[in-house]
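Generate coordinates for the entire structure from the input sequences, incorporating the hints supplied.
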Amino acid sequence: MALKDITLGQFFPGKTLLHRLDPRAKILLLICYIVALFTAKNLAAYALAFGFLAVAVVISRVGLKALLRGMKPVVFIVIFTALLNILYTTGQGEPLVAFWVVRIYWEGLRTAFFMVIRILMLISCTFLLTYTTSPILLTDALESLLGPLKKLRVPVHELAMMMSIALRFIPTLIEETDKIMSAQKARGADFESGNLVQKAKALIPLLVPLFVSAFRRADELATAMECRCYHGGEGRTRMRQLRYQLRDYLALAVGLALCTAVWLLNSLGVF
Amino acid sequence: MEPIIRTEKLNHVYSAGTPFEHAALVDVDLCAYPGEYLGIIGHTGSGKSTLIQHLNGLLKPTSGRVMVEGTDIWSSKEATRQARFRVGLVFQYPEYQLFEETVYKDISFGPKNMGLDEHEIDRRVRSAAAFVGLSDAALDASPFELSGGQKRRVAIAGVIAMEPAVLILDEPTAGLDPVGVEQILGNIRDYHRAKNATVIIVSHSMEEMARTAQRLVVVNEGRIPLQGTPTEVFSHADELEKMGLGVPRMTRVFRRLRELGADVDPSVYTVDQAKQAVLNALKRKGVV
Ligand SMILES: Nc1ncnc2c1ncn2[C@@H]1O[C@H](COP(=O)(O)OP(=O)(O)OP(=O)(O)O)[C@@H](O)[C@H]1O
Ligand SMILES: [Mg+2]
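Those protein sequences? They're chains Y and X, same order as listed.
For any residue, its number in the working numbering is found by taking its place in the first sequence, counting from 1, and adding 2.
For any residue, its number in the working numbering is found by taking its place in the second sequence, counting from 1, and adding 1.
What the hints contain is simulated information worked out from the structure, not anything from laboratory work.
Treat the hints with caution; some may be incorrect.
Residues of chain X placed beyond 10 Å of chain Y at every Cβ, according to the derived structure [as the list claims (entries may be wrong)]:
id	residue
1	Val27
2	Tyr34
3	Gly65
4	Asn114
Under 7 Å between C-beta atoms, here's a sample of chain X residues computed to sit facing chain Y [unchecked claim]:
id	residue
5	Pro20
6	Phe92
7	Phe110
8	Gly111
9	Met115
This structure is a prediction, so every number in the text was calculated from the model and none was measured.
Where a beta carbon is used, it is the ideal one built from N, C-alpha and C, also for glycine.
In structure tokens form, the structure reads like this:
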């Protein structure tokens, strides 16, 4: 498998409603959704959150396969969390299973189930944001949303610029790593076998050229930016202006409605 | 003659199962014969680099087989390892893979990985350095202090030092000045002659290919629509144009002359051939 195949908050270009929403609206919507998810207390509330996510996935046209592939790295954490919850939650009533030191209660199963659902939905909705928003738009949106912090002397623009640059160069560096790895493999380098020390040593032919090229790129980028008169965020205007449109306000309204609905369902107290 | 490298219905799909899915190679059947100097030409993105990375087992075919010296290189782990050493691959811009403190150590990286003894490694490093015209003094320098052209030569020496039966180079002359281009091509020809090795060169430059290669393979959109001697390939000028490849300048001039009514052979591609073609035409007219 090529390193490039790793989904790293990867953007799937598209023209769906979810792609066209203002990135700031999407981030706010995501926040609403996460709030709703963390306040949900019963099955009805979770079902509502799940339905909401399902509709969003359908609208986005990001295949279920791509979404599930993004889950792979967290499978371990999810299983671990589930086990911890099952084993360490004590309930009233009789334990369902009891042997040796293990006591499994109904409450434990219930907490584990909701916890797993919650983590999976949390990851899915975050992925949905990065799948449907280009990294550049995402940083623009963050810069804009965090703008008020500038008053507190937080270097928001600089942070956003650093983030854009990092995001811009992650694929480049991955590609470069791939290339150098292939080149060294062509000279018989072996990155897979051997013990830990040997494996670490085998990385030298990969890391040295990678660092050299990263520094070279950084140098070139700095020169290129200076040549175009970059001098920080002060008075800088944008080519892509972010403007809220009706659909963005509607999206925000939907987000707030979701939070309210979850709050109402919680008080119903089903299951 | 038995081919030294053969691909059978080679297919490669990048990022299968994502929206970026891209079939880079489609049913490619390629042969390279022992001792030949083979050129691979194709437009940017046509799949040349993808193709050659299959020949030493760096990329695994999505389907199809790659045979080196009669064995399927994916039949066993050992076969893949052997293919890496029998088929030496020099990447595009290979100077970015240098990492050792000295040029000598960098060139010896390949031979060391082959598990050769100290003495043999030393012999190979020195002979490889000689092929690419690096002096003994340069061997002790840091590869990072050299000029771009010299770095390129060190990188090529690093692969030559493994003394592969097949030497593949991906655009070895990209970004060099005309003198640098001549030197590198000369070095490669020297290796070809001295070791009687098979050489496969990937290039954009029709001129360069016309001059050096014995046989040409044209890659276009992951397929091989044309192959044969330079004369044969360049006689399909219109098809080549359509693939975004030109024909050598000399061929273009002579095709135009022909269109204008001159009785010359349009399939020339070097200056010498051109001279001969003009002389022949004049002879036929009875001028000379
Ligand atoms: N790692 C990869 N992942 C996805 N697609 C790739 C990858 N490498 C190459 N491709 C795609 O495969 C196609 C063939 O690429 P390849 O590098 O083989 O072309 P090339 O003929 O060597 O071009 P060039 O002359 O520019 O080097 C291109 O369309 C390219 O975008
Ligand atoms: Mg290439």
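**Report entry** Claimed clearance of chain Y by Tyr34 of chain X, with the beta carbon kept past 10 Å
**Finding:** holds (22 Å)
**Report entry** Outside-interface status for Val27 of chain X - nearest CB in chain Y farther than 10 Å
**Finding:** holds (19 Å)
Query raised in the report: For Asn114 of chain X, which was marked as not at the interface, is the minimum beta-carbon distance to chain Y over 10 Å?
Result: It is violated; Asn114 of chain X is separated from chain Y by about 3 Å at its closest Cβ, not greater than 10 Å.
**Report entry** Hinted contact Phe92 of chain X with chain Y - closest CB pair below 7 Å
**Finding:** Result: holds, 5 Å to nearest chain Y Cβ.
Query - Hint validity - Pro20 of chain X Cβ closer than 7 Å to any chain Y Cβ - result: holds (5 Å)
Report task. Return the status of the interface hint for Met115 of chain X: holds when the least beta-carbon distance to chain Y is below 7 Å, violated otherwise. Result -> Holds. Min distance 6 Å.
**Report entry** Status of the stated non-contact between Gly65 of chain X and chain Y (beta carbon gap over 10 Å)
**Finding:** At about 18 Å from chain Y, Gly65 of chain X clears the 10 Å cut-off, so the statement holds.
Query - Proposed interface contact between Phe110 of chain X and chain Y, which counts if any beta carbon pair is under 7 Å - result: Holds, because the Cβ-Cβ distance from Phe110 of chain X to chain Y comes to roughly 6 Å (cut-off 7 Å).
Query - Closest C-beta approach of Gly111 of chain X to chain Y relative to 7 Å, hint status - result: Result: holds, 4 Å to nearest chain Y Cβ.
In this structure, the one hint that does not hold is number 4.
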